[in-house]
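Take these sequences, add in the hints, and give me the full structure.
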Amino acid sequence: MRSSDPAVTRADTLRVRWLTVVVIVMAVLTLGWPLINLAVSNRSMLAAGTILRLGPGKADLARFSVGPGWSMVPSATNPRLDYSLRRGAVGMTVSYVPVINGAQPAELWAGLRNVVRISEPGFHLGPPSPYTTAQGRKGAMGILASPEDRGIATIVRSASGAFAIEMILIAPRHASLANLAPARRIMHSLRIPAP
Amino acid sequence: MISPLSSAPVAASSRDPSIRAVRITAAVLCMLGAAILGVEFSRYLSVFPGPATLAVVLELPLLVVGFSVFRLLRPIRPPALIWSGAALVWGATAATGCALLANQGLISLWAKAEGVGFASNWSASLSAPLNEEVLKLCGVVMVVLAAPQAVRGPLDGMIYGALTGLGFQVVENITYGLDSIVLSGATDPDRAVTNSVLLRVGTTAIGSHWTMTAVAGAGIGFLVIRQSRREGIALAIVCLLAAMAMHLLFDAPHPAVLVKVIVNFLIVGVLYLVLRDSYMTSAREVLAACAASGIVGPAEAASAISRPSRRRGLLRAQHGPERDRVRARQREVLAIAEDEIARREATEPLLR
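If you read the protein sequences in the order shown, they are chains A and B.
For the first sequence, numbering that gives the first Met the number 0 gives the first residue as 0, with consecutive numbering after it.
For the second sequence, numbering that gives the first Met the number 0 gives the first residue as 0, with consecutive numbering after it.
FYI, nobody ran anything at the bench for these hints, they're computed from the structure.
The beta-carbon is built from N, C-alpha and C at its ideal position, and this holds for glycine as well.
Take these hints with a grain of salt, some might be off.
Said to hold, decoys possible - Chain B side only, calculated, beta carbon under 10 Å to chain A, not exhaustive:
no.	residue
1	S17
2	F47
3	A98
4	T186
5	V258
6	A282
Put into C-alpha cells, the structure is as follows:
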C-alpha cells in the first residue's frame, strides 16, 4: 500500500530517480562504447613490405613483413603481445608467447591445441610437422580445420628458448590456394634475432 | 531514517515498492553481469577445468580475509552482513561483467583513434578508471537505495566501497589468471595461474580496486549525509575523481608497481583514519551527552563504543533471557548513538 506521508513519497520519487540514473549510466557504459566502436572502421591498411615488430622488449623482439593488400585489425592488436591481420577473407594472428618452465616444442604444440579450443572454437589442430622459416629457424607447422574453414598454424621458438612466436592463419574452405600464399609468405618472413 | 541520497528524515521499509524495484533491478544487473562473464570465460572451464578451479580457489583467502577485515574496520559495529554481501556480489558480477564490455569497446576505440603503439601503453589506464570506477560505485549507490539505513556517512560509504571493490578485484584476478594461461601458450596452465595470482595477490592486492572504490564510496557517504546538497555532490565528485586518478596511476606504465600500490594504500589509509577519528569523536560526545541527560546509564555509555566491552557485558549476563535483554539494550543504545552521529555529520564541518 502506498504511503500518503509526503516525506515518504518524496523519498520514493528520489529513489526511483536515482535508480533510473544508475541504470542509464550502466547501459551507456556497457553498450555505448561497444556501439561507438562498431561504428568506427576496424581496418588499418599496411603498405606492402611493412615490417612489424612483436614482443615486449628489445631483447625479445620478433619481426615479420607483410605483402600487398594486408590490413591490421587495431582492436585486436597489441604490438607487445599479438597482431591481428586481414587480407580479404583470410585472417591471421601472430602471437608472442613467453615460454614457461623451458617448455619443449611438443609441449608448445599441445598448448597451442588447447589455445585454439579457446580462441577458435570449432577448430581442430592436427599433428605438427617440421617447418623452417626463411631465416632458417626451425619450428612446427600443422593444419587447422573446422566444418566451414581451414587454416595453418606454426610455432617457432627463439634460440634462447625464452619465447615462441605462434601464427594462425584461417581462411574459408572455398578460398583458393592462391589466396593463402600471401599469408604463407608472412609466416615464412618471421625473423627472430639471435640473443 | 535517512532518505536515499538526501538528508531528509523519512521512514522506509522493504515493503516500499521503490525499494523492491531497486532490489529487483540490482539482482537483475548482477545476473546480467554474471552471464556476460559466463559467456566470456565458460570455455576455460571445459578446456582447463583444473587450472580454472585453481584460479578460483587461490582467490578465496583474499576474499575471506578482505571481507572480514573490511567489515571489522567499521567502528563500533560491523555493517549488516546482508548488505556487505550484496556490495561484494555487485562488484564481482554486475560491475565486472559490464566493465568487460565497456572496456573492450573503449580500449578498441583508443587503438583505432591513436594507434596500436599508444593503445598498448595507455588504453587500459585511460579506459578502466572511467568505466570501472563508475560501475563499481553504482554498487554503493544501489546499497544506499536498497537499504536506506546501511550508509549513514562517509565511513559507511567507504566500507561498502571497499567491499564492492574487493568483489571486483577477486573476479578480475580470476579472469587475469585464466587469460595468463592463453598468453603463456597453455604449456603449463597451473603454473601460469599460480604466477598470475602470486603477482596480483602478493604484490598489488593492498593497493588495488578496493582502495579506489573505498575512496569513491566515501563520496557517496558524504552525498547521503550532508544537509547541503551542493556540498554533498561536490564531495562525491571529488572522491570519484580521486578514485579515478588512483586507478589511472595503478594502470599507467610508470612508476614501478610497488610505488603505485603504496600511494593508493596511503591515500585510503589516511582518509580512513581521518574519517574514523571524526566518527569516534562524535560517538564519544554523543554518548556523553546521552549519559548526562539520563537516556543511557554512565556504564552503558562507557562500554557502548567498544566491541570487547560490549562482549564482556554480554558474557557477564546469564545465558538466556537476561543475556537477550542485555543484547537488546546494547542495540538500542547503539541505534540512539548512530542516529545522533548521523545527524551531527550532516551539518558539522568536514574536519574537526
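Against the structure, the hints come out as follows:
1. S17: Holds - the Cβ of S17 (chain B) comes within 10 Å of chain A, reaching about 4 Å at its closest.
2. F47: Hint holds; F47 (chain B) Cβ to chain A Cβ min 7 Å, cut 10 Å.
3. A98: This hint holds: A98 (chain B) lies near chain A, its Cβ roughly 8 Å from the closest one there, short of 10 Å.
4. T186: holds, 4 Å
5. V258: violated, 20 Å
6. A282: violated, 26 Å
Violated hints for the displayed structure, listed by number in ascending order: 5 and 6.
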